[in-house]
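Engineer: Got chain A sorted already, so can you dock chains B and C onto it with the hints?
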Amino acid sequence: MCLGILGKIVSITTNGLAAVDFDGIKREVSLMLCPEAQIGDYVLVHVGFAIRRLEPEDAQETLRLFREIEESYREEKPGAG
Amino acid sequence: MKERRISLAHGAGGKLSHDLVQELFLPYLGSAPLQALDDSAVIPFETGQLAFTTDAYVVKPLFFPGGDIGRLAVCGTVNDLAMVGAQPLGLSCSFILEEGLLIADLERVLASMQTAGQEAGVQVVAGDTKVVEHGAVEGLFITTAGIGQIPPGVAIGSARTVPGDVIIVSGPLGDHEIAVLLARGEFSLQGEVKSDCAPLNKLVATMLAASSTIHCLRDPTRGGMATVLWEIAHASGVGVVVEEEEIPIRGEVRAVCDLLGFDPYYLANEGRLIAFVPEGAARTILQAMQQHPLGKGAKLIGRAVADHPGTVLLHTTLGGHRILEPLSGVQFPRIC
Amino acid sequence: MRKNPGQAEARLAPLLLKEITGFAGLFDQPLRLMEVCGTHTVAIFRSGIQSLLPNAIELLSGPGCPVCVTPTAEIDQAIALARQKNVILATFGDLMRVPGSSSSLQQEWGEGSAIRVILSPLDALQLAAERPDHFVCLFAVGFETTSPTIATAVMEAGSQGLTNFYLLSSQRLIPPAIRALLANGMAQIDGFILPGHVSVIIGEAPYRFIAEEFGIPGVITGFEPLEILEGIYMLLKQKKEGRAAIEIQYRRAVAVEGNERARAIMAEVFAPVDANWRGLGMIPASGLALREAFSYLDAAQHFALPYVEQGDAPGCLCGAVLQGIRRPPECPLFGTQCTPEEPIGACMVSTEGSCAAYYKYGGRP
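The listed protein sequences derive, respectively, from chains A, B and C. Terminal number for the first sequence in our numbering: 100, no gaps in between. Terminal number for the second sequence in our numbering: 378, no gaps in between. Terminal number for the third sequence in our numbering: 394, no gaps in between.
A couple of the hints might just be wrong.
Unchecked claim - Lysine-lysine pairs mimicking DSSO-like chemistry, simulated, CA-CA at most 27 Å apart:
| no. | chain 1 | residue 1 | chain 2 | residue 2 |
| --- | --- | --- | --- | --- |
| 1 | A | K45 | B | K102 |
| 2 | B | K244 | B | K341 |
| 3 | B | K236 | B | K338 |
| 4 | C | K47 | B | K341 |
| 5 | A | K45 | B | K244 |
| 6 | B | K102 | B | K236 |
| 7 | A | K27 | B | K236 |
To be verified - Partial list, derived from the structure: chain A residues whose beta carbon lies under 8 Å from chain B:
| no. | residue |
| --- | --- |
| 8 | F41 |
| 9 | D42 |
| 10 | G43 |
| 11 | E47 |
What the hints contain is simulated information worked out from the structure, not anything from laboratory work. None of the values given here were measured: they were computed from a predicted structure. Idealized CB from N, CA, C, for every residue including glycine.
With the rest of the complex left out, here is chain A:
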C-alpha cells in the first residue's frame, strides 16, 4: 500500500536519521526500521522512514526480472527473438 520512493543515503546523523537524495531533492529520513542501511545505500522510503534497503543493482534496474521473461519467451518460441 502507499507511496514508497527510492532514494540514496548521502549522510547519516547520530540519532538514526539520514539525509536521503531523491533525484536531486533531499529529505531527512528515519532509519529506525532499517538500521543496517549505510551511506551510499538505496532505500525505499515511506512517510519519511526507510522501510527496506535495496541492493544497488535492484535500485538501478527494475528490469533484470523482465530480461528473464524476455529470455524465457525467446526460449519457448525459438526464432521469435
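Structural biologist: Using the frame of chain A, we list chains B and C on its own:
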C-alpha cells in the same frame, strides 16, 4: 527613507504617503504617466484591438528562487495579454501593504518589478497604495491590470483550434509551483528548483513573426497543463492527444511529485506557454521558439483531433492511454 | 530514483501483453483479478494498463484504500478533535477531503480549525515539541506499511517526554480484510494483485491462506507499469498451469520474511482489535489499538470522543465497489450526484478510490 517599516500613516494620504511614492515607488516604477501623478494614465493608441486584463497576487512566501511577488505580478499580467497575442502598453499596480512590512522588502519587490518590466518592455503607468493593520494581509498583496495591443491579422483564442493542429509547449513544466512549495519549507524538502516566472510577450512576438497563423495560446498557471488542454478542447470542440514521453519535466520536479504524490500535469507554471498551431506552420514556429531564450526547451507534445471532442487523452509511455481531467479541488500531498 | 522506462517499456510491454492476452484467451469466462491496494489502482490507471488489457481480464479494486474504508464515524472523531481549542490535528493529506457525516477536514480547515497536513508521523512529533501550548493529535490512518512508522513515533514521543502528543488510531490490516472478502463468498475473484509496500513489512506468509484455503493465486506486485504487467503475467501463468500459490514479483523490495524489526516495533506499541470497515462491516482482529503501556496517548479516550456510526448515503454503492462486487459506473450516483468535486462516498473522494480513479482516468473514449 528613514523609516524601516510600513506604518498605517504611510497609507493615510498625507505627507508620509507622498514621500513613500516619491522616494520608493517612482524611482523603480516611474514611467512618464506615473511621474505626472495624475489620477489616470493617458496612452496614445491606434485603432485596432485592445486587450485588457486584471489579476491579483498573494503568493507566500514573498521571495522564492527565480522570483518574487513583484516579478510574478508583472509577468503574470504581461502573459495574460500575450496569450491573446497582445504586446503590453501599460500596467497598473495596486499595492496593499501590511503595517510592519520591512521597507527593504518592499524595495526589493519594486526593484524586481522594474527588472521584469524592462524584460517585457512595459512600464507601470498607474498605481495605488493602501496600508492595512498588522495581520490583515500577509506582508503584501498586489492587484494589477494590463492593457495591450493586438497586431492586425492576429486572432488567437481558446476556441480557435481545429483537428490537425499541433501542440507545442515552450519548456519544462512545474518549475514554478515546486519552487514555491520548496521555498515554503512545509514538507522539509530541500532542492534547487527555480521558478520559471518570465514575461512571454517577446517569445510570442517571435512566434508570430515566424507565422501569424497561431490558433491558441495559453499559459498553464493554476491547474496546470491538463486543465488548459481540457479548456481548449472544450472551447474548440476538439479532442486532444498528448504523448507522455514528449512532455518535458525536470528530474527534481518529478522527484517532488513522487514524494508528495502529485500529478505533474496539474502544476502551475508562470513562464511557459502552450500553443496550438496549424500543422504546416509547426516546424517553423518550433524552430523560432527554440532560438529564443524562453523557448529553448520547446517541444511538440501532441495534436488536436476530431475524435472524442472535449476529451484529453494522454498516450502513456507504456503504449496505453489515460484521460486527463481538469484539476478538481486542490492537490494535497498523499501518502497512499 | 526514476529509471528511464521508455525503451524497456517499449520492448517488454508488448511481449508481456501478448503473453497475458494469450493466457486469458484460454478461459471461457473473463478472469477477475483484484488489486487490493489503492495505490495500485492509481498506478494502473495512470500508466494506461487498463486500456491495454484484453476484455478477457477484468480488474477489480479491493478494500486497500485506507481513505475509502475509514468509517464516517472516525472522520467525525477527527473533526471533533480539530474543532477543540488548543488542539492541532496532524493528518496525512489523503484524509482532507473525505466527507464525514456533515463536514470534512478541508472544510473545517477553511473555517479556522487548526489542521496541519504532514508528510511523516515525525512531523507531528516535531510540531508537538514546537507548540507546547497545544495538544498535537496525529490522525493515524493506514495499513501495515504505515503502522510501524506510527509505532516509532509513539515510542519517540515517550522517549522525548512529550506530554502534548496524542494518537487517534484508525489503522487497519490487509490479510483479515482479504479473508473476510473470500469468506463471504460473494465476489468471484480469480487472482489477487497483492500490495507491494504492505508486503515489504509483512512478507509473504500472511497471504498463504489465500492459495492454501481458497485455491486462489496471489502475486505481490510493485508499482511501476512494467512491474504491474509482470504481476498480472505471473497470475495468469499460474491460472494457465492450474496452480495457486503466493509469488513475489516485487523481489527487489519484498523479502519473504518481510521487515521483522518493523513488525516487532508495531507489535510492541499496537494490539490487533476488531475494527469496522466501511462497506465490509466489522472484521475481527483487523484494526490496531494502542497497548496498555501507551494508552495514555489515546486521543479518543483522553478527549472522550463519541463514536457515532453512520450508514452509507442512500444509493451509495461504495461497499459493493470495495468488495469488487460492483464497478463504479454501476452505482446510480456515479458521475451524477457523486463526482470528485462533490463526493458522496469515500470511493470518489480519495484520489485512489475506485470511483475517482475511474472518473478521472477510466474507460476508453
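Engineer: If a hint holds in the structure, say so; if it doesn't, say that too.
Structural biologist: Hint check:
1. A:K45 with B:K102: 22 Å, holds
2. B:K244 with B:K341: 18 Å, holds
3. B:K236 with B:K338: 16 Å, holds
4. C:K47 with B:K341: The hint is violated at about 32 Å.
5. A:K45 with B:K244: 36 Å, violated
6. B:K102 with B:K236: 15 Å, holds
7. A:K27 with B:K236: 23 Å, holds
8. F41: Given a least distance of 4 Å, the restraint on F41 (chain A) holds.
9. D42: 4 Å, holds
10. G43: With a closest approach of 4 Å, the G43 (chain A) hint holds.
11. E47: 6 Å, holds
When held up to the earlier numbered hints, the structure conflicts with 4 and 5 and fits the remainder.
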